[in-house]
Amino acid sequence: MGDWLRINDWVHEGSLFLSEKMMNLTPWPGESEYIGFFIEKSILCGLIFGGIMNTILVILWMERKILGRLMDRRGAITSLRSLWVGESGVTAGPWWQKVPYGLGRPIGALVGFLNKVAGNRDEKHPTVDRVNNRSWHGVWFLFPGFFQNLADGMKFMTKEHMVPRKADKWIYEIAPFLIISSTVVILGFIPLSENFYAINPKMSVLFMMAVFGVAPLGVFFAGWSSNNKYTLLGGIRSAAQLTAYEIPMLIAVLGVCIISGSFNLVEVIEFQHQSGSWNLFLLPLGAMIFLIAMVAEVERIPFDMPEAEAELVEGWWTEYGGMRWGLMFAAEYMRTYAACFLFAHFFLGGWHAPFAGVIGSIPWFGTAYLLIPGIIWTMLKAWAIFVIFAWLRAALPRIRTDQILEFGWRHLLPLSILQLVVAVLLRLYVFDSANMRDTARGGFAWDGGFGLFLIVPIIVTFVFSVLFVIYSIDEEPGDVGRPFHAQTLEPAGTHKAGE
Amino acid sequence: MMEGGENYTVFNSRTLVDMVGDVTDEALKATKLKQLIGTLGGRFFNWAQRKSLFPLHLGIKCCALEMAAAGGPRFDAERFGVIFRSSPRQCDVMLVNGPISKKFADPIVRLWEQMPEPKWCIAMGECAISGGPYFQSYNILEGVDTVIPVDVYIPGCPPRPEALIDGFGKLREKIIRIGAVPSQERPNDAPIIIGED
Amino acid sequence: MGMAITSAQNKAAVDAAVAAVMDRFGGTGIEATSVEHSTGKHASFLRIISPPRQWLGLAKFLRFDLGVNHCSMVTGTHFPDGAEERGWEVAYHFMRMPVKNQASGACVEHDAATLTGLEIPLEVEIFIPLAKGDSPVVDSIQSIWVGADWNEKETWDLVGIEFKGHKDMMRVLNPHDSPLGFHPLQKQHKLRYHDYNEMYDDAQGFERKPTDSGLVK
Amino acid sequence: MGPQHPMTHGLWTLRVKVDGETVVDTEPELGYIHRGVEKICESRDFTQIVPYCDRLCYASAMTWAHSYCYAVEDLLEVDVPERAEYVRLIAVEMQRIASHLMWLGAYTPDVGNLTVFVWCLRDREMFLDLMQELGGSRMHYNFPRPGGIKRDIPPGFANRARAKIALFLERMKEYEMLLDESTIFLVRTQGVGYAKAEEMVNAGVTGPNVRAAGVNYDVRWAHPYSVYDEVDWTSSVEKPSSVKGADCYDRYRVRMTEMEESCRMIIDALDKIPGGSDTTYQSGDEKIIAKVPSRAPEGATGHHHFEDSRGESMFYLQGGGEGRGKYPYRVSIRSPMFITIPFVAETMIGYKIADIPAIMGSFDPCIGETDR
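Chains as they are written, first to last, in numbering that gives the first Met the number 0: chain A, 0 to 498; chain B, 0 to 196; chain C, 0 to 216; chain D, 0 to 371.
Mixed in with the good hints, there may be bad ones.
Straight line, CA to CA, 30 Å or less: simulated DSS-like cross-link-like pairs of lysine-lysine [claimed, not checked]:
1. 16/D x 165/A
2. 10/C x 290/D
3. 28/B x 40/A
4. 40/C x 286/D
5. 16/D x 40/C
6. 59/C x 163/C
7. 238/D x 195/D
8. 10/C x 271/D
9. 40/C x 325/D
10. 325/D x 290/D
11. 238/D x 149/D
12. 131/C x 163/C
13. 131/C x 325/D
14. 163/D x 64/A
15. 166/C x 195/D
16. 59/C x 195/D
17. 163/C x 195/D
18. 228/A x 165/A
19. 166/C x 186/C
20. 28/B x 97/A
21. 168/A x 290/D
22. 271/D x 40/C
23. 228/A x 168/A
24. 149/D x 271/D
25. 172/D x 40/C
26. 271/D x 186/C
27. 325/D x 286/D
28. 166/C x 172/D
29. 64/A x 172/D
30. 97/A x 31/B
I should point out that these hints are in silico values taken from the structure, not numbers from a laboratory.
Could you put together the complete structure from these sequences and hints?
This is how it looks when you write it as structure tokens:
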């Protein structure tokens, strides 16, 4: 079953064609393959990064709006409208006349036109206009609030670049770029659709996880080089926390790879489709561990201890301002976005439409349903995961560092090993590789040998849900003792072994 | 090697960069491209700057609660891109919302100097404008403008959150009028007072 | 309803306290009286006027025999025009609370009407007049009530009354670099622009320099 | 930490010495907004001081103004009309709710939850609106006068207050759902910041902080001053969980129950108010304000202990200042947080850095009153 939007193939053919034509004009026509490869990869990288970077605006906008709604607010409502109407009736005047060669005239005309269509309505009612200027009234296509982050980003570019006097200048400058470059590299390995990815090596999962671990180094660099107590503490906390959560996350991913039999992300996704069930229903525990560990990896509430606002001002990025901070801020959200994509790919079947077999068999609607490009499904799934991230942020307080570490080492790690065992057992004894199918409906490899369609995912999910409900039911409030006393009367480092 | 500001001399590339920069600058000037880019981009950057004003999360006294209320559901300053940050390095606006005592005069100047340009200062409330009810006190400065330059004054004791939001509106007007220039180069003649026009 | 101390309880407690203090300290210059508040419920409180010599003994008696366990406030006042033996005055306010350390999961479940004896809350006001002079000294009660610690610091900082035996005396409200002997609540310090004409002729401060110009940026 | 730091809820510095993540030593430093109110008040007459008292504490202006008014009535020997006492009680209890809401709103970001902060601001607006009807301003009401109150309750106030309190009691359940049932909130607050009752009392800590440790002590019943003995309420005392005293969770619970008690008190006072809650007297009517002499004789003193929303506040006034007694000779202010902050700083020793805001916030610091 294929996707009609075969961007990789199109780009491949197009660039080969282009390079052949070009190289035939030169004395080295035999080299066209390499030139074509170069062109192809450049275009693909541009497309992938452009697509993901632009949709990051959606992520930021979603977070603001969701948080705003949960908090009984509106969230940002900045729109582009103020570009032409000015602020509360104050404009910069006919600034386009300063543009040389008369190039400003079309701009002036455009501004005039926009003012007519979506400008201040009534000069007799300046208050109404002033209220309108803040918002979008009547002009829905301006996407109120969507451009707030664009404004933020552009503002960061114009801010002064400051380096603290006592900072270690080289490392201070390098750290944000270390963070953002490693983040961008991850994005290059994420396939957006069956036939739309920048690069797809055989061990892409391993590579991605390895690159995910580079950013903590940048965080630690940033914290240390700023020469500030808050950033240093933030950096150390970050390093400890990321190390603690990397391991359960890796083991959870290992479970996915074992059950899919591949370290390649595309093959993991294809396996989920062909075997007939998303990994979410086979490894619910793994999905939960992966989600929790990912929240910790991207340092969001409730695991945002490294940048805990209450005690560490802004954590490890306290001393960064201007564009460096903007970069780190963007990197933070890119990591979050990458985490959403990874979750969608590992556990939610990537670009495959949900219930493609059932809905696809409806006469007219089904055909149209199957024609929806995979890239849209990928995005939708990633955004749905991001909604969970934003929801967590609104609902939960922050955990203390020692509690974070304890939770990571003492709860997540054993659980992740348990789910690894489950994955091995499922793959070895339950999986039926003969029933893999590459049709719209997918295969039925998880019938457990009884011919009952999807019996294994249903049983696993049911058992897990029951266990989860049992676990999460509160005991009687009176019976629960308070947690152990966290006060340390002896400072750290003074303990002796064996006491 | 790490002292002063001479770190780029290690590879002696500073002169090269400067030279290339100068040549490019001349070329751009000759073709008026600089003016073109400057005017076009300037408007966009001006828009970005005035739409995203991050005030410093600095609560001094009573007005701090009105500042908090302005961030709350009823007034919701976040609608207009006013998002409070805790670190002065990441802020554009210093919102002084209380009396400046002698003990606090030094820290607030340091905070102001830690903020990157372009930056603005809003004096919120009587205490920050003139000392307010405490103007006779032995320990209070007569307004924050004795130590840092103020762009917008919001009178009231304390001003209502709407007034604060309007103050940010006035600051936007100021930015659109005189541009997002650093605080030293700003004309110092006409600070904006809410309620005058 | 009805969960407040009645005036009979109040009177009984104050009278008992007056009797106890006069019994112990009668003839040493300590005067204990029962005074009524002149508003509201007209509740009574214990007022003691004590010479500074007797103060430490009185304080220990209050704390350990009368169970006055809460030091509410220490106030110093400067009387430059007052009598020779009352150039300064320190006023203490104490409270008695019915307090015990609690076991886990328990609290004092008492009905106010059933309280008797030393369990009844009591209000104590103590005046200690000090002689005129540049350096008024009174004994510190920091070791008896921990809560008096910062109160005494503040009194020294603002009024300039020294507390003998107070460890770690420092400025708490005024800046640390205030000049030695600067205690703003002493009466020789006028309010900065106290003069009416000075206040209103140049209210905006265009011509006037603040007294601290040059000290700050 | 500080003076500009999100933890501090105002301007003050806490010097913290840490060993790794463990706090070893702390030293508070105050005075960043010391304004010399006590000195200024010596050149203001008795009515002019009320706005200064409003501005003492920015989170609970009403209670401080009332605290002063009771003290000045003690000095000037005035009896307040009973209706005025009832209105004062209503105003003070509403301010107590608003102040505790502000506390809850400031406390939850300390442990990392921004949602409750915003919700608290939302609900605080309801009570600010009610108090705005009384005083005319959003924050500094300038409402009580020596001898009574500035204005009577406006028409329809009682019904609005009842409706809003009913709504607020519903909303409190939402908060409890979000906080009490959140394991993360519990592990952040339980077992953290133990403070013993006897030590607290000896160190001068009062109010909800000491009631959280199981001490049933409240100035409102121990030294009854307004009509607190006539309305229906009980002092909200939390049973401490441990022999080590009260932890942050206890202090959170005691404030939540205190808000409920205040709601009960307001409703009851609206029912029992003499003259009925629907009538409105003119300003200056003798039913709501008594005649007050403008001068106090030399040598007269007045003081009043008052249950502020943060503990026991107190004014001590000496009459006979300048203008032949028109001004007070000495005004001394007892701020509950001034005494509490050094105690809290010692409480933190031994906990983690992340616990500093959790402990500090649970004591509800307010620097306006602390620095005066």
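Going through the earlier hints one by one, which of them does the structure break, listed in rising order?
-> The structure conflicts with hints 3, 5, 11, 21, 25, 26 and 28, although it agrees with all the remaining ones.
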